[in-house]
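Asks: Next come the chains, spelled out residue by residue.
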Amino acid sequence: MDIKRYWLAANLCVLGLLLNSAQATPQIQHWQTDSGARVYFVPVDDIPMVDVRIVFDAGSARDGFTPRKLAGTALMTNGLLAEGAAGKSAQQLAENFAAVGAVFSNGALKDMAWLSLRSLREDKYLQPALSNLQAILNQPDFPAQAFQRERERLKIAVKAKKQSPGTIASERFYQELYGDHPYASPSEGTEQSLTQLTRHDLQQFYQQYYVARNAVISVVGQLTRAQAEQLVDQLLSELPAGQAAAALPPVQPLAEAKTVQIDFPSAQSTVLMGQVGMARGDADYFALYLANHAFGGSGFGSRLMDEVREKRGLAYSTYSYFSPMAKAGPFQIGLQTRNDQVEQALQVVRQALHDYIAEGPGEDELQDSLKNITGGFPLRIDSNKKIVEYLSMIGFYQLPLDYLDTFVSRVNQQSRDQVHAALQRRLHEDKMLTIIVGGNQSQGDN
Amino acid sequence: MHLLKRIPLALCVAGSVLVLAACQPNTLRPDQSAEVMPENGVFSYQLDNGMKILVQPDHRSPVVVSQVWYKVGGSYEYPGITGVSHALEHMMFKGTEKLEPGEFSEIIAANGGSENAFTGKDYTAYFQRIASDRLELCLKHEADRMRNLQLSEAEFKKEIEVIKEERRTRTDDNPTSLTYEQFNAAAFMNSAYQQPIIGWMDDLHNMQLSDLSEWYQTWYAPNNATLIVAGDVQPQQVFRWAEQYFGPLKPSQIEAPKPRHEVAQLGERRIDVKAPAKIPYLLMGDKVPVRNTAEAEWEVYALEVLAGVLDGGDSSRLSRSLVRQQEIAASAGAGYDPYARQQTLFLFDAAPRDGHSLGEVEQAIKAEIKKLQQQAPDNSELERVKAQVMAADVYEKDSVFYQAMQLGILETVGLGWQRKGEYLQKIQQVTAEQVQQVAQKYLRDDQLTVAMLQPQPIESSAVAPRATAGGRHGH
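These protein sequence lines are chains A and B, in that order. For the first sequence, this note's numbering assigns the number 765 to the initial residue and increments by one for each residue that follows. For the second sequence, this note's numbering assigns the number 2 to the initial residue and increments by one for each residue that follows.
For reference, chain B alone in the conformation it holds in the complex (with noise of 0.2 Å):
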């Protein structure tokens, strides 16, 4: 039984980025398409203004996905237009010199398809779910948006207040979430990861058409762009719709944001987050490296064992030790995302047993880090972790989406999709005495942020009745 919400670890994604339109010497041209031979079953090409094609054949059902990827998202924003990529997003759903507010959506609706769209960190990616002899729709449309959008003071009003109702549903209302993002405004100081992608609602309030379309200017072009189609398609024949459709579109001279990396951390950090709520939770981070920035790359690779032994499952350690042996948590989790610009956070989550505090908690999880800092995991430990990964990558083979998806984020952190094919056999390789070298070497109370929610009773703080409330009651 998983009963309670956990924190939103996985997608919070990042890396070093290569946004000028330069580069890729490896990808094939055009011409050269008829020999391209996919590599761990993707095929790639590039058009001549920069941007990058990648297609992942899968033939089990007529369904294809495409998703455009763009590298911009929160972690490009400055103080003052905090969520500004999140908030593009929805307005890129709001017309263009060809279609409709709106008729995008319709289009893809009445051909059966199903369309979002996310914004993360490092990216901002747009999808189409949709039968696979329906594709071109997608592509001709998303070509079309990402340079002739029409961005309409009169849409903007409606829909930021739209952004700031999401605001109040995922963050103001939430209180783990609310947790987890003053938790994450206190662990980073000047990197941009310590800003809420949604946008403090302070910058909301105050963000003008302006800063969108300036925002637009800037990053949405071709060169900045990668197309993935996975799905019941031919490569050929999605490259050559490609080129139909964007090979057209001008690249931009595109400069990489300033990197802003993070201070040292110069000591444990620590606050409390009071807010209406009946559960305490915690929330801890230690700054690690990411595969873009590790110094030596097997110690991502070991962080994400550490990960796994911590808590890969029911039969991981916080489980084992924390709710199930010493009974002092109703949960007790942890997490690690290699695949990120720069550098992130090793986090741990836990929520308390009634009758044991926070602070209990803590200690537990740090009991946890210290065993292992001072002995490496069993075989039979490292071997299940392994088993499960090894497991996972024959399972996501079940999910053409998330597939895609896992070539974007690489591909929009500054990897490369190439390193898709390469992560089952690195973890292969991590050994036990790593695991425990990196749980020494970053799992430090220096490099260590602390975040308590501390409940405020929900009763006692009830407001009064409202003015109109007698409308409320019947019809």
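One chain only, chain A, in its complex shape (with noise of 0.2 Å):
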């Protein structure tokens, strides 16, 4: 299947939640566990399932803070959780999830850890997923084999990572945007760093972050209150209390630009440009959602878009985001185009982005970003599963339980000049990373 538009920025979900006030938006029930755990709860009657995602502050962002600072002990420490738990091996643990039709995933970010289940309402199923779960998030083994197999298949998953010019762009883009700062890292580690972790790394990562003042637990289903808070106990009953993990170091901008050129033997060259963007619940925030919705934000009918695919036919796909995070996460541009035409697409992007800055949205384009913000909220909350990821974002950075609520109007307060103040406060362009990956201009097609 060919998918004609394909966006990043929207992919990635990013940018936050919209909502459209005259529609009922997810009632929020929290509340903390005797543990310390955060609970979001938000009942849904529809269909007979239930959804829980169980959220960690212990994302790679933490590799750098461990004992021995090696890159890919919290994806490591994370995906060895369900590889043997209470006894039970990996096939047993998969077994147990297949035979009542549960789905179980996990993973890890540079902010966050997490475990996910999607299982069946009638207890006959729910239960037996849940004490699969349960075993799996307190009583993990860490069974040698399984540790020395996940760490091999880690280091083909970071070899594989070095035959795609994209992903190469996207981490060393990290690397020279964040320096010293633990978001530099990669998830995945680097052959050397895997090489040197053992078991009782990992160990020791697990006992010191999975704990439950450093969780936040989100739930979404067919279940009462009362249910809920029971699911929530049941699944947390041997975790410890423990500490909630120390803030992050704050993030320094680049003083000047930079160009980094990469050679590598594929038709297009990857290009991506960008700088620090900001952090969840930055005061600019609302500004900066707006003003990058109809610069690089909304796909077709952004200024991107129209300036480098459809007024020039450059590239397939280009985008821009700010990806908040914890400490500010970046502000990206990208976009990946025929060896011969980079000098002409970078030049058409930062031109953009000069004319961007420099004059702000139209009126007309900061109402058509409006429009598009205020009439498609109802699609942003529309199932379980969105519901579910939300209640996470909102838990785990800790936002207002009337987020959503408030998020329309919030971004609808924007005036012009204050999304041109935001823009030209926040937006150096001057001080871009640029990172290009990718064949000679000669260098065409098979």
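Simulated from the structure, these hints should not be mistaken for laboratory data. Hints are supplied without guarantee of correctness; some may be wrong.
To be verified - Calculated pairs, EDC-like style, for lysine to aspartate or glutamate (alpha carbon to alpha carbon, straight line, at most 16 Å):
no., chain 1, residue 1, chain 2, residue 2
1, A, Lys1075, B, Glu460
2, A, Lys833, A, Asp944
3, A, Lys1075, B, Glu104
4, B, Lys279, A, Asp944
5, B, Lys367, B, Asp446
6, B, Lys275, B, Asp173
7, A, Lys926, B, Asp446
Could you use the hints to bring the two separately framed chains together as a complex?
Replies: Now the structure itself:
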């Protein structure tokens, strides 16, 4: 299947949530367990199923704070949880989920590590799935053989990244942009760091970070409040209270512009340009969200798409986004184009960015974006899956419980002047990082 | 941890096409619509011009998805014009007699909607996701571009370059995609399924606007289209709007494409793909029937369960054996899609671990096949596959888009949307012996095609510094 319109920015879900005040927003119930875990719950009766998502402040940004500071520690710890727990093998754990039709997944990003479960509601399905998840969460065994195996598999994944120009570009972008900051380090680690990693490193990491005070649990589905409370208590039964992870250090922006060229035998070059952006809860969040929407965050109709693709046919996909994180996440512009068009594409992007910062969005552009954001809000919360992911985000970043209810009105409060001022204050075209991964300009199609 | 990109199995669909305007005697007429009863939650209706309308109400949220599906795609194309269905899909956003290029998209965006389109082997579909009180807008403009597209040379010149960039991103610079494309072309000799949906680059270089306008004239007609609406809507209201906007469109005389039935395979086929890469990659495929072509219907569902036994989650055989027990593969999978116009492939893919070869992994997969041929799977294995299918049937209710998509695929491959309701029951009826029987009958070396990605060095083929490299550093 070839999808014509490929909106990377939208797919990344990094731009936050939108709300139409005319529509009912999910009524979020929030409480804290005795051991200190924060819980977010929305009862939804329509479908006989339950979604649970457990998030820990245990992403790869924590790798650098472990005793041996080995990249890949957070991801490997998370990845080993379901590879053996409470004496059951990976095979038994997987069979237990499959036998009741439950779907389990897990993973780790820079800020957070997560476990997620979708199950049928009937107790004969739900209870075995929960017991299994309880074991995985509370009693992981980190079996030696599974450790060796998963470490080897992760090394192959690290190697596989080197055959993708897009991944090479993205990894280098974070390295150059974040320097000494924990966000610079690749979540998967490196061949070298993985070789040094031991089971003991993972067990230590687990004991420190997989604790109640460092956890956010989101539950959506066909449950009463009492049932949800019981479910959460059962899941966390043996997890010690522990301590919340310490705050990450602040991010220093680049002092001057930098361009990095990496040769790769590809027909296209991948171009990434950007700078340090903003953190969740930033005072300029709504102004910058709106500013980016019109510039490169809304696919067709955005300035970037118009200049790069619609007017000139230079790329299939081009976008920009702010990725707000616990500390300032990046602002990034991206595209891929035929090797001999890189200079032209860069010029077009730089000019578009220059004009946008200098003049700000036009009143029409701003109104178009506001209409899209306001009218499109119901689509953001139209499934249990989306709601549970939003609960996790609100919980993890400790955004206010009325974040959804007030989002649209807060976006709508932004005037053109405010948006323009925020752009000028926060985007620095003379200090952009540019990464280019691709082939020689004469290197064309096969 | 799922570390490696998997092959794009899911949406390579097709089916024996019934594209003539005649037909569907069981579908209700407009004047009967007040009595329409849903079948498995779906309300159906047909316009006088042959266009079919399906509505699946879901009132959980005040949103709706609207999809228009055409019976045309990559498998309708001939050598020399591969990619024309997909290219036309791009140009469908470039204006009509009433709208400027891009204006449809702007209208949808201004109303808070998102929209897109996709092209498969057997279909091309256009969709919007939008607040349910804006549905009429979508229908009005979809009807407009079904018959009134303005194909401009200037827009085409730019857009064909965009499509080439899309091809470079998706295929040419992605070694596993490239391997899949070559594998597919080797597995099929004369079937149109050997052609890439996005088209060969040479065909894109030589594509003309007239190729697109001919394609548009041939296939874009109400009697070759199905409208599917799912979400917070009243079926009667959707039918009225369909009458109003699509009703006046004239049907076309549409001839089904020549079948191009694949010639019998007379022995195993093997290819190597040498490309800059880091990880070797194996693809294997056996010719198998689909729901449209199966001699016996149960075989198709037995093949589905077989795919589940081999690769239905982390507990299934390939992960257990190749990844966890033998520890020779970083990943291993299998896949089958019963919904296509014509015979397709039962696929396997795998990436070996360091120190193990593609050949070893191939032998290990063949050993797993042999086990299933010699001994039927355990009941507990079968029950796990069936439990997952049963649960998925509930979970899919969380996505109206996915539900609409299933109806669209069944319609465009020629099976009819009613098949959706029987799937779960047919899977539950499959026995362990039937799984063994289809493994014996179809997973045979003579029907096999094997492709191996043999990685070529990336660093040593790195190109000389560019003449203009100096201009790249700093601003």
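Asks: Would the hint linking Lys926 of chain A and Asp446 of chain B be met if the CA-CA limit is 16 Å?
Replies: Measuring from Cα to Cα gives roughly 34 Å; hence the hint is violated.
Asks: Run the distance test for Lys1075 of chain A versus Glu460 of chain B: straight-line Cα separation, threshold 16 Å.
Replies: violated, 35 Å
Asks: Holds or violated: Lys367 of chain B with Asp446 of chain B, Cα cutoff 16 Å?
Replies: The given pair, whose Cα atoms are some 9 Å apart, holds under the 16 Å limit.
Asks: Quickly compare the C-alpha distance for Lys1075 of chain A and Glu104 of chain B to 16 Å and report which way the hint goes.
Replies: holds, 14 Å
Asks: Against the 16 Å threshold, does the CA-CA distance of Lys279 of chain B and Asp944 of chain A hold or violate the hint?
Replies: Roughly 28 Å between the alpha carbons, so the hint for Lys279 of chain B and Asp944 of chain A is violated.
Asks: Verify the proposed pairing of Lys275 of chain B with Asp173 of chain B, using a straight-line Cα cut of 16 Å.
Replies: OK: Lys275 of chain B and Asp173 of chain B at ~12 Å, within 16 Å.
Asks: When you check the alpha-carbon spacing of Lys833 of chain A and Asp944 of chain A, does it fall within 16 Å?
Replies: holds, 13 Å
Hint check: violations occur at hints 1, 4 and 7; the rest are consistent with the structure.
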